[in-house]
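Peer 1: Line by line, the protein sequences are chains A and B. Here the first sequence is numbered in our numbering, starting from 1 and rising by one per residue. Here the second sequence is numbered in our numbering, starting from 1 and rising by one per residue.
No lab work stands behind these hints: they were computed from the structure. No residue lacks a Cβ here, since even glycine has one placed at the ideal position from N, Cα and C. Careful, some of the hints might be misleading.
[To be verified] No more than 30 angstroms apart at the CA atoms, straight line, and that leaves these computed lysine-lysine pairs for DSBU-like: (1) A:K43 / B:K131; (2) A:K47 / B:K133; (3) A:K76 / B:K131; (4) A:K10 / B:K131; (5) A:K65 / B:K107; (6) A:K68 / A:K10; (7) A:K68 / B:K131; (8) A:K68 / B:K133; (9) A:K68 / A:K47; (10) A:K65 / B:K131; (11) B:K107 / A:K10; (12) B:K107 / A:K47; (13) B:K133 / A:K65; (14) B:K107 / A:K43.
[Claimed, not checked] Output of the computed footprint for chain B on chain A, the stretches with three or more beta carbons under 8 angstroms from beta carbons of chain B: (15) 16-29; (16) 61-74.
[To be verified] With the Cβ distance kept under 10 angstroms, some of the chain A side facing chain B (calculated, not the full set): (17) R35; (18) L41; (19) K43; (20) G46; (21) R50; (22) I51; (23) N53; (24) A54; (25) L55; (26) T57; (27) L58.
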Amino acid sequence: MNELVTMIVKALVDEPEQVAVNEVAGERSIIFEVRVAPDDLGKVIGKGGRIANALRTLVRAAGTKDRKSIWVDINKVGESEGETLDE
Amino acid sequence: MESIEQSGRTVDEAVEAALEALGVSRDEADVEVLAQESRGLLGILGHSEARVRVTARAGLAQRACDILARTVQLMGIDAQVAIVDEEPDAIYLELHGSPDLGLLIGKRGQTLSALQLLVAMMTNRQQHPDKRKRVILDAEGYRARRERALTATAHSAADRAKRTGRPVTIGSLNPRERRIVHIALADDPGVTTRSEGEDPQRNVIISPRSGLRHG
């Protein structure tokens, strides 16, 4: 799944070499922490978060079989700000 | 991807000749200069020709198809991908042959729409804005079926509006679905249609045209 997130994000940005995806797997959840160059942020998030949400929808669908909740964080901005991860 | 090597008096001439041979324009090809021309001494001694390798980029439809295939594969789904049609401003792709396609379609086509958006963004990223194309993705005829069902719903809603003389609402439609309803009823002189509400749950209101009451 990491490979899926990485491939899509790299294909969306102008600076693919700056893309890093970190996978934080908990017992019932997986969080993908995506980092992109600041100038590329808009390309990954999209107007009103359209692209980021599409990415989340897709990754969740791909993860259905794992029965884990999946979230994709992009440069640590957005809705999950302040969430804690108990590992 | 087709690629040829070509020599010429200058780099420009070699590129021109190569593009001609490939039958593509400059912006549809990648050029690699293998050797610059050298004029040599007094234009005679040591003169050498320029040499280039020109590669025709795959068409946008093929690119979209490849991106879709790769994405689906990385999702762990074994499905076939095909280019159904290509228009000047749109590429139609279809997924089939997998028991997991329901997963790719998602609730009310949500996942399919997400996949369509991402494939379109990835396909068009490096394209000049004038050359971008919409990507329309279907899975086992899901959209086609949904479009037929929605058209039927639109017509029956229009009939009800005309019969009762009151507006009829079709709820929570995405832009593409709203467009299908508007188009389905555009030729019906008995009703008018308009969209109302906030995305993503906008409604289409079908109103009987005043003064026209049937039945």
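Peer 1: Each hint should be assessed against the structure and marked as holding or not.
Peer 2: Hints and how they fare:
{"no.": "1", "hint": "A:K43 / B:K131", "in the structure": "holds, 18 angstroms"}
{"no.": "2", "hint": "A:K47 / B:K133", "in the structure": "holds, 19 angstroms"}
{"no.": "3", "hint": "A:K76 / B:K131", "in the structure": "violated, 34 angstroms"}
{"no.": "4", "hint": "A:K10 / B:K131", "in the structure": "holds, 21 angstroms"}
{"no.": "5", "hint": "A:K65 / B:K107", "in the structure": "holds, 16 angstroms"}
{"no.": "6", "hint": "A:K68 / A:K10", "in the structure": "holds, 24 angstroms"}
{"no.": "7", "hint": "A:K68 / B:K131", "in the structure": "violated, 40 angstroms"}
{"no.": "8", "hint": "A:K68 / B:K133", "in the structure": "violated, 35 angstroms"}
{"no.": "9", "hint": "A:K68 / A:K47", "in the structure": "holds, 28 angstroms"}
{"no.": "10", "hint": "A:K65 / B:K131", "in the structure": "violated, 38 angstroms"}
{"no.": "11", "hint": "B:K107 / A:K10", "in the structure": "holds, 27 angstroms"}
{"no.": "12", "hint": "B:K107 / A:K47", "in the structure": "holds, 23 angstroms"}
{"no.": "13", "hint": "B:K133 / A:K65", "in the structure": "violated, 33 angstroms"}
{"no.": "14", "hint": "B:K107 / A:K43", "in the structure": "holds, 26 angstroms"}
{"no.": "15", "hint": "16-29", "in the structure": "violated (count 0)"}
{"no.": "16", "hint": "61-74", "in the structure": "holds (count 4)"}
{"no.": "17", "hint": "R35", "in the structure": "violated, 19 angstroms"}
{"no.": "18", "hint": "L41", "in the structure": "violated, 14 angstroms"}
{"no.": "19", "hint": "K43", "in the structure": "holds, 8 angstroms"}
{"no.": "20", "hint": "G46", "in the structure": "holds, 8 angstroms"}
{"no.": "21", "hint": "R50", "in the structure": "holds, 7 angstroms"}
{"no.": "22", "hint": "I51", "in the structure": "holds, 6 angstroms"}
{"no.": "23", "hint": "N53", "in the structure": "holds, 7 angstroms"}
{"no.": "24", "hint": "A54", "in the structure": "holds, 4 angstroms"}
{"no.": "25", "hint": "L55", "in the structure": "holds, 7 angstroms"}
{"no.": "26", "hint": "T57", "in the structure": "holds, 4 angstroms"}
{"no.": "27", "hint": "L58", "in the structure": "holds, 5 angstroms"}
The structure fails to meet hints 3, 7, 8, 10, 13, 15, 17 and 18 from the earlier list, while all remaining hints are met.
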